[in-house]
Structures are given as structure tokens and as C-alpha cells.
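Colleague: Which chain is which? The protein sequence lines are Y and L, in order. At position 68 of the first sequence (counting the first as 1) the number is 68 in our numbering, and the numbers step up by one without a gap. At position 28 of the second sequence (counting the first as 1) the number is 141 in our numbering, and the numbers step up by one without a gap.
Don't read these hints as lab results, they were simulated from the structure. It should be emphasised that the depicted structure is a prediction, and the values quoted were computed from it without experimental measurement. Do not rely on the hints blindly, as some may be mistaken.
Keeping only pairs whose Cα atoms sit at most 30 Å apart, straight-line, the calculated DSSO-like set for lysine-lysine is [unchecked claim]:
(1) Lys55(Y) with Lys131(L)
(2) Lys170(L) with Lys131(L)
(3) Lys170(L) with Lys116(L)
(4) Lys168(L) with Lys105(Y)
Which residues of chain L face chain Y? A partial, calculated answer using Cβ under 7 Å [what the hints assert, rightly or not]:
(5) Tyr123
(6) Leu124
(7) Val125
(8) Thr128
(9) Pro152
(10) Gly155
(11) Leu158
(12) Gln218
From the three backbone atoms N, C-alpha and C, an ideal C-beta is built for every residue, glycine too.
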Amino acid sequence: AQTVTQSQPEMSVQEAETVTLSCTYDTSESDYYLFWYKQPPSRQMILVIRQEAYKQQNATENRFSVNFQKAAKSFSLKISDSQLGDAAMYFCAYSGANSKLTFGKGITLSVRP
Amino acid sequence: DVKVTQSSRYLVKRTGEKVFLECVQDMDHENMFWYRQDPGLGLRLIYFSYDVKMKEKGDIPEGYSVSREKKERFSLILESASTNQTSMYLCASSLRRTGGLVETQYFGPGTRLLVL
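Only chain Y is shown next, with the shape it has when bound in the complex (with noise of 0.2 Å):
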């Protein structure tokens, strides 16, 4: 069965500055999506980033981009320019060919004025 995993939960960043958080997979399949989502405090969880495992590109959606490193089974999320509304739960998940979408624990993301 696949797994997602966010090791780290909780991570704090200042305002402007850039933030990486963590996610590792893993899978024995070769054609699968990942993504990222954000939910903010009492708030609906909406998709930040979403990268294509066949597509080499790291994707990249303004002030978010992904570095997706396929052998080593590693999906992170960096935030360049960090800015408050960005504080939020981070999630981390895997869709595969079981039609499921797996996601990992979850990270709390602070943004420091």
C-alpha cells in the first residue's frame, strides 16, 4: 500500500522569507499524481500544486513550486515570499491507480509578522 509521509509537524517561517516543507512517498507504481493542499484555519481545503510523475518539470504555481524527486521518492512544497495568509495545515497526497487518494498527517505552517 502506498504511504505519504510529513515528518515534521509544525514549522514556522517570517514574513517574506521562504519555507520548505517535507513529504516522502511511497509507491511501487510508475504513473501517479501528487499534490499539495492547504487548509486554512476553519477553512476549505483547496489544492496548491499538483505534479505529474511522468512529467520531469518541477511544477510551479506563483509563489509555490514543488521539487519532485522521483527515485528518491521525495515531493517537497517550497513557499517563496511568505506572506501571513499562507499560514495554514499543509497536506501532502498521493493518487494512484487504486482510484485513492493517500495523504500524509499534516504539517502547521506559522507565518511570523
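Fit chain L to the given chain Y structure using the hints.
Modeller: Positioned in the frame of chain Y, the structure of chain L alone reads:
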């Protein structure tokens, strides 16, 4: 924009009551999912459905059942609520890609259920 709505934001029920949580999506998605979210445990899949009247057990189906009579609606049923089912319940929907991979999931706002 995809919209996923859930019938209640907050719900308080008594032990032994039958509880219905409803989820509706407006984007004609094939897949629909029910998760529960607990601190320190992340999101755990209860049930999912890839088509009308179809359902598959997730990782923690015990004590729950589901119903999908229409494509846009997916209901989660707690047959006899217990205190250990106090949790946040999230519904999601997604397109289904050929080969079974799940595309981006869109989430509802969640229902915080308290069972007394």
C-alpha cells in the same frame, strides 16, 4: 468554479442516533469521497464512489454506510452514532481519469460532528 457543498457545518447528535451527512457537487464529477479528519491523523478515507450506485470501502468504513442515487449527491450515514465518531467530516469530488488515477479533488467546507 467547482462547488462542493455539505448539508451542515456543525451538527450535535446523541449516541445511538442515525445521522445523515449530505454532499452535493455541481461539476459532473464521477468520483466522490468521504473523509474524516482528526488531529494528528490527517485525512482518512471512509468510503468513495466512482459512479452512481457504486461504492467502495476506504480505510475506515466500520460504523458508516453511504448512498449515491444521483451523480451529484453522495450521502454518508452513521447508522448508530457513537462518541468515537465525533470528528470533522469532509466530502470531495473529482474527475476520474482512465486507468483509475484520481484527478484533483475539490473539497466541501466540512461538517464538524459532535456525538454526545
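Colleague: The structure should be examined with respect to each hint, and the outcome stated for every one.
Modeller: Hint check results:
{"no.": "1", "hint": "Lys55(Y) with Lys131(L)", "result": "violated, 46 Å"}
{"no.": "2", "hint": "Lys170(L) with Lys131(L)", "result": "holds, 20 Å"}
{"no.": "3", "hint": "Lys170(L) with Lys116(L)", "result": "holds, 24 Å"}
{"no.": "4", "hint": "Lys168(L) with Lys105(Y)", "result": "holds, 25 Å"}
{"no.": "5", "hint": "Tyr123", "result": "violated, 11 Å"}
{"no.": "6", "hint": "Leu124", "result": "violated, 16 Å"}
{"no.": "7", "hint": "Val125", "result": "violated, 18 Å"}
{"no.": "8", "hint": "Thr128", "result": "violated, 26 Å"}
{"no.": "9", "hint": "Pro152", "result": "violated, 9 Å"}
{"no.": "10", "hint": "Gly155", "result": "holds, 4 Å"}
{"no.": "11", "hint": "Leu158", "result": "holds, 6 Å"}
{"no.": "12", "hint": "Gln218", "result": "holds, 6 Å"}
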